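Peer 1: Line by line, the protein sequences give chains Y and D.
The opening residue of the first sequence carries number 23 in my numbering; numbering runs sequentially from there.
The opening residue of the second sequence carries number 24 in my numbering; numbering runs sequentially from there.
In case anyone wonders, no lab produced these hints; they're calculated from the structure.
Be careful, since some hints might not be right.
Not the full set, but computed from the structure, chain Y residues with beta-carbon under 10 Å of chain D [what the hints assert, rightly or not]:
| no. | residue |
| --- | --- |
| 1 | 114 |
| 2 | 121 |
| 3 | 278 |
| 4 | 279 |
| 5 | 281 |
Far from chain D by the CB rule (all over 12 Å, computed), these chain Y residues [claimed, not checked]:
| no. | residue |
| --- | --- |
| 6 | 124 |
| 7 | 180 |
| 8 | 213 |
| 9 | 277 |
| 10 | 294 |
| 11 | 333 |
These numbers were taken from a predicted model, which means no experiment stands behind them.
Backbone N, C-alpha and C define an ideal beta-carbon position, used for all residues, glycine too.
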Amino acid sequence: MLKPLTTLAALAIVASALVGAVATAIAGAPQITHFTLSNGLEVVVIPDHRAPVVTHMLWYKVGSADETPGKSGLAHFLEHLMFKGTEKNPSGRFSQVVATIGGQENAFTSADYTGYFQRVPRDKLKAMMEFEADRMTGLELTDDVVRPELNVVLEEQNMRVANNPAARLGEQMDAALYLNHPYGRPVIGWRHEIEQLNREGALEFYRRFYAPNNAILVVAGDVTADEVRTMAEETYGKVPRFAEIKPRLRPQEPAQQAARTVTLADPRVTQPSVSRYYLAPSSLKARPGESEAIDVLAHILGRGSNSRLYQKLVVDKNIAVNAGASYDGTTVDNTRFGVYGTPKPGTTLPQLEQAIDVVIDDLIEHGVTAEELERAKSRMIADSVYANDNQRMMAQWYGASLATGATVDEVRTWPDRIRLVTAEAVRDAARRWLDKQRSVTGYLVKDTRPEEKRS
Amino acid sequence: MNASAFLRNKGARALTALVAGIGLWLAAPAAQAMTIERVVSPGGIEAWLVRDSALPLIAMEFAVLGGADQDPLGKPGVANMATSLLDEGAGPFDAAAFQGRLESKAIELSFRSGRDYLRGTLRTLKENRDEAFDFLRLALTEPRFDAAAVERTRAQIMSRLQRDAVSPNDIASRTWWATAFPDHPYGQPVNGTVESLPGITIDDLKSYTRRVLARDGLKIAVVGDIDAATVGILLDRTFGALPAKAKLQPVAYAVPQGLGRRIVTPLDVPQSVVNFGGPGIARDDRDFMAAYIINHILGGGSFSSRLYREVREKRGLAYGVSDSLIWLNYASLLLGSTATRADATGQTIDIIEQEIRRLAAEGPTEEEFAKAKTYLKGSFALGLDTSNRIASQLVQMQLDKLGIDYIERRPALIDAVTLDDARRVAKRLLDPGLLVTVVGRPEGVSSTQSGVAASPSPVAKPGQSPASRE
Numbered sequence: 023m024l025k026p027l028t029t030l031a032a033l034a035i036v037a038s039a040l041v042g043a044v045a046t047a048i049a050g051a052p053q054i055t056h057f058t059l060s061n062g063l064e065v066v067v068i069p070d071h072r073a074p075v076v077t078h079m080l081w082y083k084v085g086s087a088d089e090t091p092g093k094s095g096l097a098h099f100l101e102h103l104m105f106k107g108t109e110k111n112p113s114g115r116f117s118q119v120v121a122t123i124g125g126q127e128n129a130f131t132s133a134d135y136t137g138y139f140q141r142v143p144r145d146k147l148k149a150m151m152e153f154e155a156d157r158m159t160g161l162e163l164t165d166d167v168v169r170p171e172l173n174v175v176l177e178e179q180n181m182r183v184a185n186n187p188a189a190r191l192g193e194q195m196d197a198a199l200y201l202n203h204p205y206g207r208p209v210i211g212w213r214h215e216i217e218q219l220n221r222e223g224a225l226e227f228y229r230r231f232y233a234p235n236n237a238i239l240v241v242a243g244d245v246t247a248d249e250v251r252t253m254a255e256e257t258y259g260k261v262p263r264f265a266e267i268k269p270r271l272r273p274q275e276p277a278q279q280a281a282r283t284v285t286l287a288d289p290r291v292t293q294p295s296v297s298r299y300y301l302a303p304s305s306l307k308a309r310p311g312e313s314e315a316i317d318v319l320a321h322i323l324g325r326g327s328n329s330r331l332y333q334k335l336v337v338d339k340n341i342a343v344n345a346g347a348s349y350d351g352t353t354v355d356n357t358r359f360g361v362y363g364t365p366k367p368g369t370t371l372p373q374l375e376q377a378i379d380v381v382i383d384d385l386i387e388h389g390v391t392a393e394e395l396e397r398a399k400s401r402m403i404a405d406s407v408y409a410n411d412n413q414r415m416m417a418q419w420y421g422a423s424l425a426t427g428a429t430v431d432e433v434r435t436w437p438d439r440i441r442l443v444t445a446e447a448v449r450d451a452a453r454r455w456l457d458k459q460r461s462v463t464g465y466l467v468k469d470t471r472p473e474e475k476r477s
Numbered sequence: 024m025n026a027s028a029f030l031r032n033k034g035a036r037a038l039t040a041l042v043a044g045i046g047l048w049l050a051a052p053a054a055q056a057m058t059i060e061r062v063v064s065p066g067g068i069e070a071w072l073v074r075d076s077a078l079p080l081i082a083m084e085f086a087v088l089g090g091a092d093q094d095p096l097g098k099p100g101v102a103n104m105a106t107s108l109l110d111e112g113a114g115p116f117d118a119a120a121f122q123g124r125l126e127s128k129a130i131e132l133s134f135r136s137g138r139d140y141l142r143g144t145l146r147t148l149k150e151n152r153d154e155a156f157d158f159l160r161l162a163l164t165e166p167r168f169d170a171a172a173v174e175r176t177r178a179q180i181m182s183r184l185q186r187d188a189v190s191p192n193d194i195a196s197r198t199w200w201a202t203a204f205p206d207h208p209y210g211q212p213v214n215g216t217v218e219s220l221p222g223i224t225i226d227d228l229k230s231y232t233r234r235v236l237a238r239d240g241l242k243i244a245v246v247g248d249i250d251a252a253t254v255g256i257l258l259d260r261t262f263g264a265l266p267a268k269a270k271l272q273p274v275a276y277a278v279p280q281g282l283g284r285r286i287v288t289p290l291d292v293p294q295s296v297v298n299f300g301g302p303g304i305a306r307d308d309r310d311f312m313a314a315y316i317i318n319h320i321l322g323g324g325s326f327s328s329r330l331y332r333e334v335r336e337k338r339g340l341a342y343g344v345s346d347s348l349i350w351l352n353y354a355s356l357l358l359g360s361t362a363t364r365a366d367a368t369g370q371t372i373d374i375i376e377q378e379i380r381r382l383a384a385e386g387p388t389e390e391e392f393a394k395a396k397t398y399l400k401g402s403f404a405l406g407l408d409t410s411n412r413i414a415s416q417l418v419q420m421q422l423d424k425l426g427i428d429y430i431e432r433r434p435a436l437i438d439a440v441t442l443d444d445a446r447r448v449a450k451r452l453l454d455p456g457l458l459v460t461v462v463g464r465p466e467g468v469s470s471t472q473s474g475v476a477a478s479p480s481p482v483a484k485p486g487q488s489p490a491s492r493e
């Protein structure tokens, strides 16, 4: 275990390159089992018998986008507080047991889900399930533990955001991209709202969202589906279903009609950069095959040193030190397609932005080549084979995909659908979604004002 | 995340029973499922192999001696830049052709250098195995260092260095190493500086790779769907053309300087970053395992370490606080970090220093000593969660000269440490004092000079044997 850190939305972003990537179509791929307990808990079992180890993950279908306006950061704060103990297992006993056996554990929060996981020897799986089922409803909090933890979260905000100009710009860009949807709020929350979070609010949120019928259990490792079913029924199965889980209907984006630009100036910016987010459909909201085409588009346009943006701007024109693109469709509502570039000295941000636009316009006009398409697809499909080598990554993909509305079958057949993406579909996706009217462009620049005037 | 806290008495009893139950299993950890074979190629090149046909893929890791410690004094960054260029064109392929072919076959090949080693990682689908090793061979034996790729890479590193120059984490770390190791390669930044990068020539880069890429210090591990005979053939084909012996510049053994000092670098950020550290214990020292246990109890990454509990859990002063043992070839360190708000920086440093003094003086309790042992026994195998991570660990075991049966012996080595050993080694490890670097606008914390007597001489005794690991 490296550091005891929560992962926040970072996990969702890490997984994004491989969203939903898993393959039965490929030799050696595991037989995934999926069933639902009578109290509504969904269970996914991913066999991996290479070592006597299991990864146990519990995903709740609640994230920062489900928070009440004015209480941003509550989903993430509750994630921290979930380690404070229950009546049956007070005061961090769960973590102590995991630590004593040398297990790994952590938790993470995104806009759409909150997850808890442990990696332990297989004979400890049942114990993990008992602990996790216990804290599904048994959390006990006192102000003595809540107050220091709020300070921990404020230090986390300092570390991830306040100390980091690029992260501060990212928050401003999200807020500008989403005119109406709560994805515009940072997962960690706005600092002035985090400061007001408290025990009562956390417990109210917990009782509203933490229930077996709002959760997904993913177990990957050296275990059979029957074993998991028996253990899950004896542990999670005892937790009563909660009647009041409402569908996730968040305020949706209106038709966006104006390109936005935001600039963040900070004296500590020594390397300026430009980036843009376009509003783009999630796998859940996209038309059939569209999310896959956008994924291939992101790969061809900007993943790695063979991509269009890198080859044109970094290699050919020699005006950037880096350039690329990103897309993560593993969200409930419409997500973002990103492009970015870091200029070389002598190139201005508007010049670089214009050069990025030329690359995008060319792709929209002329499409992609057969060679580019094949290379991207084989690389992406190979990723789904490599994924099988990483138990935690497998559990994460299934968990994140199911928590954002995908089915097990959709996850399993992802490589097949990538295979079907045509050059025409990629070009259509670019034409439809790389529309500046639905975008925000962010400039990160050096603030050259004298320091004393800022404070 | 989070969590932990001290066990209340009720919980502790239940936990003790549980630990006893696990003990038997932990004596033979997940590694039991893993057989490590020693493969020696017809040409005499050795690799450790774990065969696993569950998945159609192969992972390989290797290391050779000589990283940034080979950079000329005053010209840091040569090893890092050269290593970054190994996959930017080789043999008949320029950078674009080389990278394009790798991607078409989904071959993942990368190189990196640390202070002591150059390391490489390869991952391929089984069906592309031979080509994957061919690309590795080209990168090692015929790197091109084309001018365009060199300048592109230089600009990328410069861009990163400019960013690092104002990053509190980076400044705190750079200041720590520069102060601890003046006039020693370890005092120079691995990635170089904005001053040194422009002066690095293609000849510097070629000279470095020619000197270090050789067969004598080479350590290799392979994991995946491949048999020993095939590994042997590929080893010769891939590494056989390298020179027999590396030509390494000698590096002096060193001990960290500046103990007792605090160095504050002002930077306008809301959160102060703190690095702290002092001498560690060498990997081949008989006290190493005891030191490893002590480090775990102090701040070694679980949610129940003393630093975690005192700084984060009880007081909410920081999101992360931890420390680790670092064993380099020519120095050993205990090094930690945290980050905290300006008005709590002094308090946080005080608590860290108090906890270190307390552990040095009193040693660990029996309970935390027992728990640390079971943690360290269990966590090793649980950390081996991907083929590349297993391969990387097997290379590390070779670099550390631990023997191919180390994984089986390891639990007994941990069990052999007594509480008396731990108390003695806690004093040895934690008594020398700390060099602390702080970056930010900490309230009430200012730079101090050391009590000079606390700092031992800069160069260790030459007889002291090297340990290894970055």
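Peer 1: Would you pick out the hints that fail for this structure and give their numbers low to high?
Peer 2: Hint check: 3, 4, 5, 6, 7, 8, 10 and 11 fail, others pass.
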